[in-house]
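S.K.: Just so you know, the protein sequences line up as chains A and B, in that order. Under the working numbering, think of the first position of the first sequence as 1129, with each following residue one higher. Under the working numbering, think of the first position of the second sequence as 22, with each following residue one higher.
Treat the hints as calculated values from the structure; they're not laboratory data. Among the hints, erroneous ones may be present.
[As the list claims (entries may be wrong)] In silico SDA-like pairs for lysine to any residue, Cα to Cα no more than 25 Å straight-line:
#1 K1463(A) - V1160(A)
#2 K1523(A) - P100(B)
#3 K1471(A) - V1487(A)
#4 K1523(A) - A316(B)
#5 K130(B) - K1463(A)
#6 K1235(A) - L1214(A)
#7 K130(B) - D1147(A)
#8 K130(B) - R1145(A)
#9 K130(B) - I1588(A)
#10 K196(B) - P356(B)
#11 K1463(A) - A1476(A)
#12 K1523(A) - D81(B)
#13 K1523(A) - P286(B)
#14 K1523(A) - A82(B)
#15 K1644(A) - L1214(A)
[To be verified] Across the chosen pairs, the derived CB separations fall in these ranges:
#16 R1407(A) - S97(B): 53 to 59 Å
#17 A1411(A) - S97(B): 37 to 43 Å
#18 G154(B) - W1433(A): 35 to 41 Å
#19 R1407(A) - R158(B): 53 to 59 Å
Think of the CB as a built atom: it goes at the ideal place given N, C-alpha and C, for glycine as much as any other residue.
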Amino acid sequence: MTAAALAAASPPRARFRLDYWVGGAAIAALIVLIVLPLLSLFWGSIAAQDGLTLGYFARVVTNRLYYQALFNSLTLGAWTGLFSLLIGVPLAWAVVRTDLPGRGFVKLTATLSYLSPPFLLAIAYVNLFSPRAGVINAFLRGALPGHDFTFNIFSMPGLVLVTVPHAFPFVYLLAASALASVDASYEESAQILGAGKLRTALSVTLPLVAPAILAGTLIGFVNAIALFGSQAIIGLPARIFTLPTRIYALFNYPPQYGLASALSLIFVALTVAALSLQRAYLARRSFVTLSGKGSRPQRLSLGPWRWPLFGFCALVFLVAILLPYGSLLAVSLSKSWGLAFWKNLTLANYAFVLFQYDVTQRAILNSLLLASLAATASVALGAAIGWIDLRTAMKGRRVLDYVSLVPLGLPGIVMAAALIQFWLKTPVPLYGSLAILFLAYCARYLPLGVRAANTALRQIDPSLEESARILGASWGETMREVTLPLMRGSLFAGWILVFVPAIQELSASILLFSSKSMTVAVAVYNLYENGYIEPVAALALINAAIIAAAIWLANRVGGASRVASPA
Amino acid sequence: MAQIEIEHLTKRYHGGEAANAAVADLSLAIEAGAFVTLLGPSGCGKTTTLRLIAGYLTPDAGSIAVAGRVLSSPQSVLPPEERGMGMVFQNYAVWPHKTVFENVVFGLKIRRVAAAEARTRVARMLDLVNLSGLESRYPGELSGGQQQRVALARSLVVEPTILLLDEPLSNLDAKLRERMRMELKQLQRRTGITFVYVTHDQAEALALSDRIAVMHQGRLQQYGTPREVYRRPANRVVADFMGLVNLFPAEIRQNGAGLVVTAGPLELALDLPPGMGAGDKVDLAIRPESIRLKAPQGAGEPGLRGLIEEHTYLGNLTEYVVALGPLRLRVQAGPELDLAPGSEALLSIDAARCKVFGGRE
């Protein structure tokens, strides 16, 4: 009788293991996106006409052209890291731990700086501080004749200036979250034992959050040295070559793949070293988050000191947001930058870039298409990898996870160099197509997708899936009915997190685009190269507007959706 | 024939040695319609056993057969979704993004039950677990007890022949736990479904089960009715786990015609397991309720005299720690007896209800 009941309860099914297929597809995607291009890069750095050679590496470390680029990148990274620390930490402390007025405004400053396209800032500051035509320089010369208070943007300090606003948000974000997660009881127990506020801050709070701050600084460093746009716009006129711009130059005709590969690998080594240091610091941070039972951190009453601190925050806003965006807006509305502003107002630049310059529309469409596809693909792939890693006992699943994080250590231009070398070796004519840009974006932003999926899956207790299985649901049905709906909020956030950088991607696109596969950021860069100051400003603002619209839309949709948290 | 037959089941994690296997050589037969509890401290392998029965895990050795058909063996494991069982999880595992109705109807949808029939079956089941009227609520709006009942209804609505329950009451507060305990028992009787229930709470196991499988360090220690397991524990591990017990190192001695067990000033004549003889070192187990305490009427009254060291008033009874030579005995007495620490008490021990366990060096 029980046998009959059991047979009725479980009709025999055809064994189609959807989970195996999804897992297999994820592995194949990782191999094509990351493993094979990287191997091509390695191969390119040691392959000679006849056999193997270390000659490319030898030339890279002995020729001034190349080691100078490494040195410049390190200098830029170090200064940027230092200033990011000096800006990020006070801002984070002010927002999380003090009664500073306008804390929301400080938060907004950090968020906007993070979201701004880095090349946009560089272009804006050229308009303000180029040695002769920069309006502020011109103003200073006029106001103080005989004294030279001008600032030449085409210099290392100039490069640091336009890079820091993109790097300090990393320090800010990590420091703020660490400060917020330090359980107030740690500090209260120091105080009850007789330590004063300052003593408590220095002996309890600071050691607890220091690893997070250092980790943030290192991420800022890694991101700063990878930015092609600002280093080309500011660095090239100043004859300051950095790793991305030097690698870029090596792809000029005739391309020197061997040298480019060797230099790329050195760049990767530098990035990976910084990131492993960062991981080590972050691992030490775990004891902060473990305790977090949502206790309210104490807020320090600043008294009269709140105004200097507020002034500091306002200065950051001025430099990172107001000056660049204000000047770009002004330039984009001028017939010719530098002439009497109010008499020269025009919308002609917008009309030009949107309707006459035939590249723009195609570039906007391409960028929208690429960013949406890449965001979807990297989140989907991330979900598959995260699921395999966290929910199966598959052999080698940790390897899968590691490989998917490899792109964190690959600067955009290196990713592009690797993809070019791999696809040129295959008979598939991908080079110069939208497809190769799509692959580059997918690979670059895959770690964001994996992270979003991991966060989501860690919040979903496996029993929620198991209970669907025992009720008779197949893997596919469980995914559709339980897992994916529960992951939706996090995956959507991950999608936006990929979309925003993808729509402004320049570092990889600059090596991969063709006139057919033009993207917005490349169009901006090309226009700038050709000296169209005013239309460039208009197009850069259009790019920023697309980002703003995407985020607005995300908040609308994301806010409306019911993001359920599991029991 | 038993409904579930587990034979020589072994499961190791991380390729460890057999010595620290999560489940080691477990054999168990569970009858159809029985309420069987896997009982033991955390880490004893009871949840692993349950997950093996459900098909979430692959055994390293042994097999699990249901109704004569082998479902799990190291070679092949029928996936959970094809076993037609139900499972209730410790954390309820009620889907937070589905309403009560959507949660309960899920298994019927998977089985392609017609919508109208599904609706009546869900309604009937919600009625059975006293959740009628809450169909459109989300789990976040329900109490823990209500969520647990949603989980039960969700498992039962598909009419499984076997329901697996993994510490389903441990997240509820004491009062609710007791009420749900009764409801579970009634539900099992009414539906006739085989319940395999995992808990670390011996009181819960005693109250609910037809049979209890006591597990320790991956091994089955004893399998029997609640009465057997409590009154005649198979070894000191079971005796120690099933409620309060006084355990003393003791020795068997010849006393005239018979053998007695001695520990300190105690000398008890009791039924010894076969094979024990004078000179054997053993453990003596005395349950607190097998000891009677009373206040001595006079200095000369004969009997075993102990000294009250501590007393703890628990309302319905009072617990004493009584010093008897080098021994410290925990004794429970009714509320009418009130002995102050430092006073003397007379003890009488029901030797028939004491147990000895061998195997001590």
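S.K.: Does each hint fit the structure? Answer for all of them.
M.R.: Hint-by-hint comparison with the structure:
At roughly 48 Å between alpha-carbon atoms, K1463(A) and V1160(A) are farther apart than 25 Å, so this suggested pair is violated. About 19 Å separates the Cα atoms of K1523(A) and P100(B), which keeps this hinted pair within 25 Å; it holds. Of the supplied pair hints, the one linking K1471(A) and V1487(A) is violated, its CA atoms being roughly 30 Å apart against a limit of 25 Å. About 69 Å separates the Cα atoms of K1523(A) and A316(B), which puts this hinted pair outside 25 Å; it is violated.
Between K130(B) and K1463(A), the direct Cα distance comes to roughly 66 Å. Violation of the 25 Å bound is thereby established for this hinted pair. For the hint pairing K1235(A) with L1214(A), the CA-to-CA distance comes to about 16 Å; that is within 25 Å, so the pair holds. For a cut-off of 25 Å, the pair hint linking K130(B) to D1147(A) stands: about 21 Å separates their Cα positions. Proposed proximity of K130(B) and R1145(A) is supported: the alpha carbons are some 21 Å apart, at most 25 Å.
Between K130(B) and I1588(A), the direct Cα distance comes to roughly 23 Å. Compliance with the 25 Å bound is thereby established for this hinted pair. For the hint linking K196(B) to P356(B), the alpha-carbon distance of about 23 Å falls within 25 Å, and the restraint holds. Only pairs whose Cα atoms come within 25 Å are accepted, and K1463(A) paired with A1476(A) is accepted, the gap being roughly 8 Å. Proximity of K1523(A) to D81(B) is assessed by CA-CA distance (about 17 Å); at most 25 Å being required, the pair is judged to hold.
For the proposed pair K1523(A) and P286(B), the alpha carbon gap of about 62 Å is over 25 Å, so the pair is violated. Using a Cα cut-off of 25 Å, the hinted pair K1523(A) and A82(B) holds, with the two alpha carbons roughly 20 Å apart. A hinted pair counts as satisfied when its Cα atoms are at most 25 Å apart, and K1644(A) with L1214(A) does not qualify at roughly 43 Å. For the hinted restraint 53 to 59 Å between R1407(A) and S97(B), the CB-CB distance of approximately 41 Å leaves it violated.
Look at A1411(A) against S97(B): about 40 Å separates their beta carbons, and that is inside 37 to 43 Å. The given range of 35 to 41 Å is broken by G154(B) and W1433(A), whose C-beta atoms sit roughly 58 Å from each other. For the hinted restraint 53 to 59 Å between R1407(A) and R158(B), the CB-CB distance of approximately 44 Å leaves it violated.
Hint compliance for this structure: hints 1, 3, 4, 5, 13, 15, 16, 18, 19 are broken, all remaining hints hold.
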